[in-house]
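A.B. asks: Here is how the chains run, residue by residue.
There are 2 protein chains.
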Amino acid sequence: MNTGVIKSRVRAVSRELKRRGINCLIITKRANVTYTTGFLGDDSWAMIVGGRSFLVTDSRYTEQAVKECPVSAIIERHEPLVAAAAKIIKKYKSAENISVESSVSLAEFGQIKKAIKTKVAAASGVIENIRSIKDEGEISAIKTAASIAAKALAQTLPVIKQGMTESELAGILDFQIRKLGSMNSFETIVAFGPNASIAHHQPTLRKLGKNDTILIDFGAKYKGYCSDITRCFIIGKPNSFYRKVYDVVEKAQAAAIKMVKAGVTIKEVDSAAREFIRQSDLPVYGHGTGHGLGIEIHENPFLKPETKGVFQAGQIVTIEPGIYMPGRLGVRIEDDVLVTETGCEILTRNCPHSPLLQNNN
Amino acid sequence: MNTGVIKSRVRAVSRELKRRGINCLIITKRANVTYTTGFLGDDSWAMIVGGRSFLVTDSRYTEQAVKECPVSAIIERHEPLVAAAAKIIKKYKSAENISVESSVSLAEFGQIKKAIKTKVAAASGVIENIRSIKDEGEISAIKTAASIAAKALAQTLPVIKQGMTESELAGILDFQIRKLGSMNSFETIVAFGPNASIAHHQPTLRKLGKNDTILIDFGAKYKGYCSDITRCFIIGKPNSFYRKVYDVVEKAQAAAIKMVKAGVTIKEVDSAAREFIRQSDLPVYGHGTGHGLGIEIHENPFLKPETKGVFQAGQIVTIEPGIYMPGRLGVRIEDDVLVTETGCEILTRNCPHSPLLQNNN
Numbered sequence: 001m002n003t004g005v006i007k008s009r010v011r012a013v014s015r016e017l018k019r020r021g022i023n024c025l026i027i028t029k030r031a032n033v034t035y036t037t038g039f040l041g042d043d044s045w046a047m048i049v050g051g052r053s054f055l056v057t058d059s060r061y062t063e064q065a066v067k068e069c070p071v072s073a074i075i076e077r078h079e080p081l082v083a084a085a086a087k088i089i090k091k092y093k094s095a096e097n098i099s100v101e102s103s104v105s106l107a108e109f110g111q112i113k114k115a116i117k118t119k120v121a122a123a124s125g126v127i128e129n130i131r132s133i134k135d136e137g138e139i140s141a142i143k144t145a146a147s148i149a150a151k152a153l154a155q156t157l158p159v160i161k162q163g164m165t166e167s168e169l170a171g172i173l174d175f176q177i178r179k180l181g182s183m184n185s186f187e188t189i190v191a192f193g194p195n196a197s198i199a200h201h202q203p204t205l206r207k208l209g210k211n212d213t214i215l216i217d218f219g220a221k222y223k224g225y226c227s228d229i230t231r232c233f234i235i236g237k238p239n240s241f242y243r244k245v246y247d248v249v250e251k252a253q254a255a256a257i258k259m260v261k262a263g264v265t266i267k268e269v270d271s272a273a274r275e276f277i278r279q280s281d282l283p284v285y286g287h288g289t290g291h292g293l294g295i296e297i298h299e300n301p302f303l304k305p306e307t308k309g310v311f312q313a314g315q316i317v318t319i320e321p322g323i324y325m326p327g328r329l330g331v332r333i334e335d336d337v338l339v340t341e342t343g344c345e346i347l348t349r350n351c352p353h354s355p356l357l358q359n360n361n
Numbered sequence: 001m002n003t004g005v006i007k008s009r010v011r012a013v014s015r016e017l018k019r020r021g022i023n024c025l026i027i028t029k030r031a032n033v034t035y036t037t038g039f040l041g042d043d044s045w046a047m048i049v050g051g052r053s054f055l056v057t058d059s060r061y062t063e064q065a066v067k068e069c070p071v072s073a074i075i076e077r078h079e080p081l082v083a084a085a086a087k088i089i090k091k092y093k094s095a096e097n098i099s100v101e102s103s104v105s106l107a108e109f110g111q112i113k114k115a116i117k118t119k120v121a122a123a124s125g126v127i128e129n130i131r132s133i134k135d136e137g138e139i140s141a142i143k144t145a146a147s148i149a150a151k152a153l154a155q156t157l158p159v160i161k162q163g164m165t166e167s168e169l170a171g172i173l174d175f176q177i178r179k180l181g182s183m184n185s186f187e188t189i190v191a192f193g194p195n196a197s198i199a200h201h202q203p204t205l206r207k208l209g210k211n212d213t214i215l216i217d218f219g220a221k222y223k224g225y226c227s228d229i230t231r232c233f234i235i236g237k238p239n240s241f242y243r244k245v246y247d248v249v250e251k252a253q254a255a256a257i258k259m260v261k262a263g264v265t266i267k268e269v270d271s272a273a274r275e276f277i278r279q280s281d282l283p284v285y286g287h288g289t290g291h292g293l294g295i296e297i298h299e300n301p302f303l304k305p306e307t308k309g310v311f312q313a314g315q316i317v318t319i320e321p322g323i324y325m326p327g328r329l330g331v332r333i334e335d336d337v338l339v340t341e342t343g344c345e346i347l348t349r350n351c352p353h354s355p356l357l358q359n360n361n
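Here the protein sequences come in this chain order: W and Y. The first sequence begins at 1 in this note's numbering and counts up by one. The second sequence begins at 1 in this note's numbering and counts up by one.
For the record, the hints were derived by calculation from the structure and aren't laboratory data. Hints may contain errors.
Unchecked claim - If you want a taste of the chain W side facing chain Y, the calculated C-beta under 10 Å gives, among others:
1) 40
2) 188
3) 326
4) 354
Unchecked claim - The calculated DSS-like cross-link candidates involving lysine-lysine, where the alpha carbons are at most 30 Å apart (straight line), are:
5) 267/W to 237/Y
6) 18/Y to 114/Y
7) 210/Y to 237/W
8) 117/Y to 308/W
9) 29/Y to 308/W
10) 161/W to 258/Y
11) 161/Y to 251/Y
12) 18/W to 114/Y
13) 223/Y to 29/W
14) 67/Y to 244/W
15) 113/Y to 93/Y
16) 161/W to 223/Y
17) 113/Y to 151/W
18) 223/W to 251/Y
19) 114/W to 117/Y
20) 210/Y to 179/W
21) 67/W to 179/Y
22) 207/Y to 179/W
23) 67/W to 210/Y
24) 161/Y to 223/W
25) 207/Y to 304/W
26) 18/W to 113/Y
27) 113/W to 207/W
28) 93/Y to 308/W
29) 113/Y to 304/W
30) 304/W to 304/Y
31) 29/Y to 87/Y
32) 91/Y to 114/Y
33) 151/Y to 179/W
34) 210/Y to 304/W
35) 113/Y to 114/W
36) 161/Y to 179/W
37) 304/Y to 90/W
38) 117/Y to 119/W
39) 114/Y to 304/W
40) 237/Y to 223/Y
Since the structure is predicted, the reported quantities are computational estimates derived from the model, not experimental observations. C-beta: ideal position from N, C-alpha, C; glycine also.
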């Protein structure tokens, strides 16, 4: 990871901490540890103490940490994380007004309070809010993650054929992602026919029929950054009701995407897609219209009716309305967009865009 | 999921709650939600209120929940999880002495306290301890997960060849797992040569050389249960130092496995493997000697020097010592064993057992 980028992130976090009157932040959430240090491993905490950055890890990760963290002091612990963090605080007497990320577990927070022996507070959203605005390197990484996903799907589509199982199709797609040197950003969803009405369906041994439908929800990772795409296909004989539903979802998505722009309220965009479906007399989806993505597959902002606030330039979010009719069908279309001052840029445009007809039988 | 099994789990949890004087437990940890309800989805909580079991989920998961949960009342929420849980508590006036799992985040715990308006305590390990002893169905599921992993590796070994990347090999193995209708229990690790000294290495585009070594750490899932296996291979010309190290790790693992038995202290087994390596004048690994596995890939008990307590019949743990020499090599051998009254049963015996020589060039 680039030294300048990490330094500038540590500075941004330090500024926000200063504003909140916090002198020492214990960072326990993996994505936030990655963001502030560059470290991509697990089971480690970061700390920002009076503007200095630390990574607290163990021997499994030391070699990796040395490679990945250009700025942070790397502490190889031989005791529990909590004890190692307490040691650092003891060493830096200037560490006062200590906060822990509120995503920490209640159990660990209790241990931290016990080990540190001074007042410890909880801090919410310090890094999540900074992270929601992507810098150039992050935008470029997500674009690459989107391209890898698009390429993997393009390489998968020609081999889809009748009789193949959901699990096999997921496996082929995942293999293409691996071959491109990447990995899944989450477990690939492949759902045939009515299975697609389960929004988070896990691939089964259900076979693809002669006239069938396919929903694929998947993504790739590049340099720790995620892409997230959903596409739907019809195999064999067109199904007119499915096509109608597909058409409504596509238009609902377009209505939402058209509205995305810095300064627009998030709930307006969420509502645009829902309203379009409601007015088509089809059932409105129960999930959010989209979510931020970056180091995490789901991060701020969340596009939900109850979300407050407006879009900011540099945010990257999915737009993914759907229509689900249990026992009958499920259609969802999902793209990743970059919020700009003048609108938005669709980062997943190159991903094979849901041709409704595919004849591979 | 079998009705009788879930009922008996709810009874066991209720008994433990009674013993602790808890009348209502809010279960927020995904694996514990699965254990007490059968539900395999995400973003949902379970509750046990006066012996009754609830699953609090949303519309994305209702269809799946109806299929998977034979016992629990399924509540489809249209508000945040916290508000939905508070509603249930309000409805069941008998809900007193409320506890939340201490794995809950500090932020959510704060929201729960605010929403419920009565005293809420934290409870640690209620379900984790019960879950660490596997019932027949669980043992059988983990055995199947181990067989799937073994079969997938056996199908992968013949296609390993010089020039293949770590990422490609991981992709082929994952595809075999998918083809068997399963999925990864965690992200497959494939490390060639010195990359194996990073215990949690992520596969790269590094190519397999003519004379090279391979470490593969992977697992499959069956009915929500995990297997976890590590194997090492040499390709091409044997490397005598690597063979020596391999031999030490294999013997260290055997020394630990030989000691596993109900009633034996966990730290004794941990120490057996470490001591063998220490006496061979090779560097002792910094990670644990193993961990429980089941619904989670890492669960109780953890085989570490500081762990208190003894093995209990029905626990399933990995035994995975390793030797890591940065820039030079990494060797780890990992098997899954079922603790019995008389010793242990190795569940991963059928997985191709690290032939030191493979000639696929």
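A.B. asks: Looking back at the numbered hints, which does the structure fail to meet, lowest number first?
C.D. replies: 4, 5, 7, 10, 17, 18, 21, 25, 27, 28, 30, 34, 40
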